[in-house]
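J.: Could you put together the complete structure from these sequences and hints?
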Amino acid sequence: MIAVKNLYKKFDKNMVLSAVSTQVEKGEKVVIIGPSGSGKSTLLRCMNLLEEPTYGEVWVDDQLLTPVDPYLHFDIISLSNTYKKLVASGVSPDEAIVQIKQGDLLKRFEGFEYAAAIKKVRKENGIDINLARRKIGMVFQHFNLFNNKTVIDNMTLAPVLLKLKSKEEAEELAYSLLKRIGLEDKAKVYPSTLSGGQKQRIAIVRALTMTPDYMLFDEPTSALDPEMVGEVLELMKELAESGMTMVIVTHEMGFAREVGTRVVFMADGKIAEEGTPEKIFGDPQSPRLKEFLSKIL
Amino acid sequence: MGYIWQGFGNTLVMTLAAVAIGLVLGFVVAVVKIAALNNKWMKIPAFVCNVYTTVIRGTPVALQLFLMVFAILAFPGFKASAAIITFGINSGAYVSENIRAGILSVDKGQMEAGRSLGIPWTQTMVRIIFPQAIKNVIPAIGNEMIALLKDTSIIGMVGATVGTLTFDLNAASGQIALGLGGAYLAPSLIAGCFYLVVVYAIVLVIKIIEGRLRKSDRR
Ligand SMILES: Nc1ncnc2c1ncn2[C@@H]1O[C@H](COP(=O)(O)OP(=O)(O)OP(=O)(O)O)[C@@H](O)[C@H]1O
Ligand SMILES: [Mg+2]
Chain D
3 MIAVKNLYKK FDKNMVLSAV STQVEKGEKV VIIGPSGSGK STLLRCMNLL EEPTYGEVWV
63 DDQLLTPVDP YLHFDIISLS NTYKKLVASG VSPDEAIVQI KQGDLLKRFE GFEYAAAIKK
123 VRKENGIDIN LARRKIGMVF QHFNLFNNKT VIDNMTLAPV LLKLKSKEEA EELAYSLLKR
183 IGLEDKAKVY PSTLSGGQKQ RIAIVRALTM TPDYMLFDEP TSALDPEMVG EVLELMKELA
243 ESGMTMVIVT HEMGFAREVG TRVVFMADGK IAEEGTPEKI FGDPQSPRLK EFLSKIL
Chain X
29 MGYIWQGFGN TLVMTLAAVA IGLVLGFVVA VVKIAALNNK WMKIPAFVCN VYTTVIRGTP
89 VALQLFLMVF AILAFPGFKA SAAIITFGIN SGAYVSENIR AGILSVDKGQ MEAGRSLGIP
149 WTQTMVRIIF PQAIKNVIPA IGNEMIALLK DTSIIGMVGA TVGTLTFDLN AASGQIALGL
209 GGAYLAPSLI AGCFYLVVVY AIVLVIKIIE GRLRKSDRR
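Protein sequence lines correspond, in order, to chains D and X. The working numbering applies: residue 3 is where the first sequence begins, and numbers increase by one. The working numbering applies: residue 29 is where the second sequence begins, and numbers increase by one.
Fair warning: there could be bad hints in the mix.
Claimed, not checked - Below are the DSBU-like pairs computed for lysine-lysine, each with C-alpha atoms no more than 30 angstroms apart in a straight line:
no. : chain 1 : residue 1 : chain 2 : residue 2
1   : D       : Lys125    : X       : Lys68
2   : X       : Lys136    : D       : Lys165
3   : D       : Lys190    : X       : Lys235
4   : X       : Lys235    : D       : Lys151
What the hints contain is simulated information worked out from the structure, not anything from laboratory work.
T.: See the structure below:
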């Protein structure tokens, strides 16, 4: 399970995500759609902390990836000096919490008790981000194959470097994956000699060499020539059928409808509507979604 | 002519030593500055590095040489070393900017791909980013070496004296000219040829290295 709780992301003064909460269960294929600039990529990148949220928490399998967000923990807020001051000045405890949350009143230093409480949560649930990322594969719009490595080295680098597999095991897995996508003959070439579709399919199987539990896709077909979109979607479909948990940002509505188990519609940095593909595409509720669909379909 | 050969050797040694210092220093400074972009613990070291590059690049190398040789490192018998250190420090500031630009010129998707696979920052840097950055940096480093080679010609200003016999190439030609009663033309031309040959050699070596490093590009 990947859970994001009350996620906020600010770039300078620009609030790109506000109060986004959602949860991706094992086996789900969640498709994120929405207009350009609505924060889809940012949300996805927060899930493996390529982007660090401003507030809020990201959880993967009951492990906390982000710093502890005090605003999500009533008991921690109530240990803060600000809270104590408010209560001492006659504000009711509930009202104090609300005021603190709404006004973003917590300061950097809120006393020893508060700091200790935060440290405790972190210690009990926190995890090294590099360990968490091994479980979460990511596929980028621009492939991001390592330019200075051959295809096979691209695929074996991480598992060997991180001592998860011996070189032989890693190569065996890599070759079997290449075979599955029909590109064994490309093992020894550099990425610059490949077509976009080939690059993206290799990027997908490169992520699979880490045997991840989750896969994140950020517009995996948007940078491809039209005739190559099909081969990549086909591979993703296979992956979906094999039971992989997937979160996919895409403009391919046909794919979303066919493969998605849940569709999340984002607008202005918020989740504006979510539901099954039938519901989202067949019976949209919010005006924003209706407008978006009318433009795109 | 003996002076010329001696000066030639001195110039080469000084340049190489200064280049070595400059490369190490430049590399460290560049990495610190890049690391500070997403690591708050590196902010203070990065500030120090910024002061370093600003001051060094903002003042003439001749001034730095005088300051080091006659004030900061004015130990007896230390002139040559002080000069080498000065040129190393000076070169480091320029090299660091070249290396930094080289690292930043690598598509940031490369780092993201590495990190998304769970590879730590340092390892991604070493395995993925540096090898690609080097390719972009080599020509600039070559230029920097050439500039440094020629910069060392000012070293005579701080004391290439007959007593210690530590001439660089330029000072040597001047010395010969004095010996010839001020006939600067011939010795200067000869020294110039030596400089030219070394510069051309550097250019060739850089070309060869560049060619080697291009093997992962489309052929
Ligand atoms: N690194 C960044 N620095 C500053 N602003 C950013 C950064 N990344 C994204 N933004 C801004 O955040 C907003 C949301 O960006 P995001 O990439 O998440 O949108 P998106 O929904 O993925 O859009 P698209 O469909 O165009 O990919 C945009 O306004 C963008 O300009
Ligand atoms: Mg995007």
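J.: Lys235(X) and Lys151(D) were given as a pair; does the straight-line alpha-carbon distance stay at or below 30 angstroms?
T.: 22 angstroms, holds
J.: Lys136(X) and Lys165(D): Cα distance at most 30 angstroms?
T.: 25 angstroms, holds
J.: Keeping to a limit of 30 angstroms between CA atoms, is the pair of Lys190(D) and Lys235(X) held or broken?
T.: Status holds; Cα separation ~26 angstroms.
J.: Holds or violated: Lys125(D) and Lys68(X), Cα atoms, limit 30 angstroms.
T.: 21 angstroms, holds
Comparing the model with each numbered hint stated earlier shows that all of them hold.
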